[in-house]
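Chemist: Chains as they are written, first to last, in my numbering: chain S, 1 to 264; chain A, 1 to 404.
For the record, the hints were derived by calculation from the structure and aren't laboratory data. Some clues are possibly wrong.
[Unchecked claim] Beta-carbon label-pair distances, calculated as ranges:
#	chain 1	residue 1	chain 2	residue 2	range
1	A	T33	S	V128	49 to 55 angstroms
2	A	Q176	S	V183	52 to 58 angstroms
3	S	R31	A	G389	55 to 61 angstroms
4	A	E129	S	I16	25 to 31 angstroms
5	S	R31	A	R4	55 to 61 angstroms
Backbone N, C-alpha and C fix where the C-beta goes; we use that ideal spot for every residue, glycine too.
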Amino acid sequence: MLGLLRGIWSYRQFIIDSIRNDFANRFARSRFGFIWMVAQPLAMVLVYALILSEILAARLPGIENQYAYAIYLSAGFLAWTLFFELLTRTLTLFIDNANLIKKMRFPRIALPIIVMGTGMINNAILLVAILGVFAVLGHTGGSELLWILPMMLLTASLALGFGLILGVLNVFIRDVGQFVTIVLQFWFWLTPIVYPLVIVPDEYRYLLEYNPLFPIVNAYQNILVYGQSPDVVSLLPAVLLALCLLVAGLLLFRKASPEMTDAL
Amino acid sequence: MEIRDVGKAYSRYRSEWHRVASWFLPVKPSQQTWILRHINFTVRPGEALGIVGQNGAGKSTLLKMITGTLAATHGQIDTRGRIAAILELGMGFNPEFSGRHNARYTASLMGFDAEQIDAMMPRVEAFAEIGDYFDKPVRTYSSGMQMRVAFAVATAERPDILIVDEALSVGDSYFQHKSYDRIREFQAQGTSLLLVSHDPSLVQGLCDRAVLLEKGAIIKDGPPGDVMDYYNALIAEKENSKVEVRTTEEGRSQTISGTGEARISEVGLYNQQEQPIEYVRVDEEVELRARVTVNTALPSLVFGYLIKDRLGQHVYGTNTWHQEQVINDARQGELIDYTVKFPVKLGPGSYSISLSVHADDSHVSANYHWWDHAVVFDVVNERHPYFIGVCHLPTTITAQRHTL
Chain S
1 MLGLLRGIWS YRQFIIDSIR NDFANRFARS RFGFIWMVAQ PLAMVLVYAL
51 ILSEILAARL PGIENQYAYA IYLSAGFLAW TLFFELLTRT LTLFIDNANL
101 IKKMRFPRIA LPIIVMGTGM INNAILLVAI LGVFAVLGHT GGSELLWILP
151 MMLLTASLAL GFGLILGVLN VFIRDVGQFV TIVLQFWFWL TPIVYPLVIV
201 PDEYRYLLEY NPLFPIVNAY QNILVYGQSP DVVSLLPAVL LALCLLVAGL
251 LLFRKASPEM TDAL
Chain A
1 MEIRDVGKAY SRYRSEWHRV ASWFLPVKPS QQTWILRHIN FTVRPGEALG
51 IVGQNGAGKS TLLKMITGTL AATHGQIDTR GRIAAILELG MGFNPEFSGR
101 HNARYTASLM GFDAEQIDAM MPRVEAFAEI GDYFDKPVRT YSSGMQMRVA
151 FAVATAERPD ILIVDEALSV GDSYFQHKSY DRIREFQAQG TSLLLVSHDP
201 SLVQGLCDRA VLLEKGAIIK DGPPGDVMDY YNALIAEKEN SKVEVRTTEE
251 GRSQTISGTG EARISEVGLY NQQEQPIEYV RVDEEVELRA RVTVNTALPS
301 LVFGYLIKDR LGQHVYGTNT WHQEQVINDA RQGELIDYTV KFPVKLGPGS
351 YSISLSVHAD DSHVSANYHW WDHAVVFDVV NERHPYFIGV CHLPTTITAQ
401 RHTL
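Okay, chain A solo, but in the shape it has when bound:
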């Protein structure tokens, strides 16, 4: 799928009759408002692209243009193969008809003929797992059941391009897992995925790449972790704050943002021998140290940290607001050394720690300084039996064998 210099403008005419005339005569609109402009990206088969951005950034307009319901004003959208969009699950379901009836109708709306629909129905029924309800009127369904049927139909045949909006966040967690498994399965078979979500863990968990839309333009395109960090910083951005992306010596990109009333510096991870470390053993006690310089007197100062895994998924995070250690009278020029002591009950792998100083329970209202990937460390398993996963849950397994 290729998107070249795509733009979308809504035109206003002096009157609607001028608009009608413009279809046949060279009548110019009185005003054009560009919702999206100069959008360029390519999605390869099997690639998963996350689209993030604030409300009104143009995400859904872009999705609608890719789906084909909205026409692009400028540029070109080339897609190959069948597109399935999960924009609003269960839309167009008639409450009086059975799940099966509605499923068949939805399939016909997707352009399948009777034979194909007959062939896919058993699979839809099996995937939805709603038992006898499949043949009962949809009005008797819970919203979760409706969503199960809708998702089962929408993904009954593997599409070449799958577009998923927030819609999927409803429903029970069992079915959510099942849905994401199916999406990953499709992806492995060559389906390109376009995902719109505000949920960082979803974007990082499913996507290979992400683009950030802001005011109708792509302002960042890259690995999902970096894009989500940038996005988070952007949300917290205030008038006199700036967002900066630095590339470290190891080639990782760091997002640093904030208004600058307080700064974090001299960050490090130390072991019990007071030595700075990069490799940590599973279960080892470590200390995270950081110095905060207060540049302006602050009525409220909160220090927070967040551990993320290699994919950017949040592993653990908290701050001094939740720990009830807010500093309410930070004076100008004051230095505060924070020491966070914790056992690394993590699974083997690479992790990073993001740090921030802000005013309240989260960094959204007043963000003084936000520093992503301030510390990067690797966890190695030297002493414990082999295990996989992101956390270490010490275990005791018993097996009671019964005599024959």
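Chain S with its partners taken away, still in its complex shape:
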């Protein structure tokens, strides 16, 4: 474990440069690099808002703004985008970097850290954009917004925990990657992001307790839509799960490391 940390520290320049390059690359030959970074998730919000707001807006109690549904959607999307991006990128992380792993000696743990770094920064930019849109729509928040930062960390840890385990398995069993992509589609619709919790029938609501993403998305919505601090107790299982997954992921990663290069 100590060796792991030492490896990260001595390769900090590589980690920082990799994250920086990821952004620089997007600006290299594109005029609006910055806009494209947030355009995609915002476009998705816009599409859902245009199609579904008539049906669902009335179902959002406790919020006055006429753009309530768009605001609700944005909050959920912010959490989901981070989770989805980190999970899918770690899923193929080792396969995508096969050449580097085979040819250069460096602490491979740097790779998931780079993904986490770029993912978090991407998400922070999206957050700023969303808050900007909120302000235009006449919806502003207060100090409870600070809660977003630990929430981002929790979401990222959970995604990385899942991603690391699945990413290692994916090197040896490529079906894992395909399967996870499909699971993620269901997961998106099984989490109240597009629809409000109230439309879920009571008899099925207990199922949401098994979805670790539900309390997280719920907390995002509380913070961004209702201006409330999240219910910390409801988040504890997710925190615990994220920690367990991270530890299990690291363990698996260490055990698999020697054979991973052979398989790539």
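Given chain S, put chain A in place with the hints provided.
Modeler: Okay, now just chain A, sitting in the frame of chain S:
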């Protein structure tokens, strides 16, 4: 650097889930394929070791294990100090970024921190010699320029162990010379060099020692000249051919190989007075004589010779195929005496001549008999003004002095 009984095996499991289980439970692989086995050698600081072998012999697997990207299945690899590997130059270069940007990134990938990178950049820029291009996107580079930057970064700091793959053979000859000078310089300062190459002159020119890998094992370890000879014979080896290494009275080792349809014998170097000689004067006319015995009727018989210098570098070689003197109807039991007449336009030093009889333009397809170091001779300079080098190029120097 020490390598003790190192082996590498690829394991197969009944399913990949069994493999995953094997990390935590005592699950045995269903099949193990050994790529390398019982590899032992030591490389001292400043020593240069060449690794030769045919494709698939396990050279790159061995290099990857030494570099540390592949884990050894068995045995131990002890290395001291920083390892730099020039395996694939320019790998990971982003075409959109400038040479400088990519150079910095590569340096960070080698584990240097910002301060060290700042310090090395001027040296990288100076060594690469690509001028203004250093700050232009790599996509505008020629492959030679890309390789210059890559080599300059990889060798910006002297490593304790330098691993060089074929990669270096690309690029212009000016930069190649510069690169090899730098490698020799590092070596003189104590860097151990590991070189993988098929190029005999490179291995002989740079290495103190060579190992020959064949089917995952070291089958020869010794002076590069001997190992390369053995390797060449091995390439030509056919089913009923054998490779034999003999040690001569003077203690030199000779590699003799071939399928035996024809044999070379009674070899000698003679001067114009018809006397066998060992010492030859620069520019002297000599005759190389050899008798070939044909054991089986042959549709095509070619006789070739190759002069090598002390380090095993090829000086001159040709054969009767290129001289258009192929014998197309060699009968069984026939004797053929070959006489090769040439002036020894060589520099002072020790040389050897290798001889061969084979079927086509080279010995690769059908090698009847190959005899390394069949003749050894020394060239001495008695009549000409002092000069250095491997060949004698008679010269006229004029100096025109201008009045002040």
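Chemist: All hints, please: hold or fail.
Modeler: Here's how the hints hold up against the structure:
1. A/T33 / S/V128: 49 to 55 angstroms: At 54 angstroms between Cβs, range holds.
2. A/Q176 / S/V183: 52 to 58 angstroms: Hint holds: Cβ distance 53 angstroms, inside 52 to 58 angstroms.
3. S/R31 / A/G389: 55 to 61 angstroms: Given about 60 angstroms between the Cβ atoms, the range holds.
4. A/E129 / S/I16: 25 to 31 angstroms: Distance hint for A/E129, S/I16 holds at roughly 29 angstroms.
5. S/R31 / A/R4: 55 to 61 angstroms: holds (58 angstroms)
Figure legend: structure checked against the earlier numbered hints; every hint is met.
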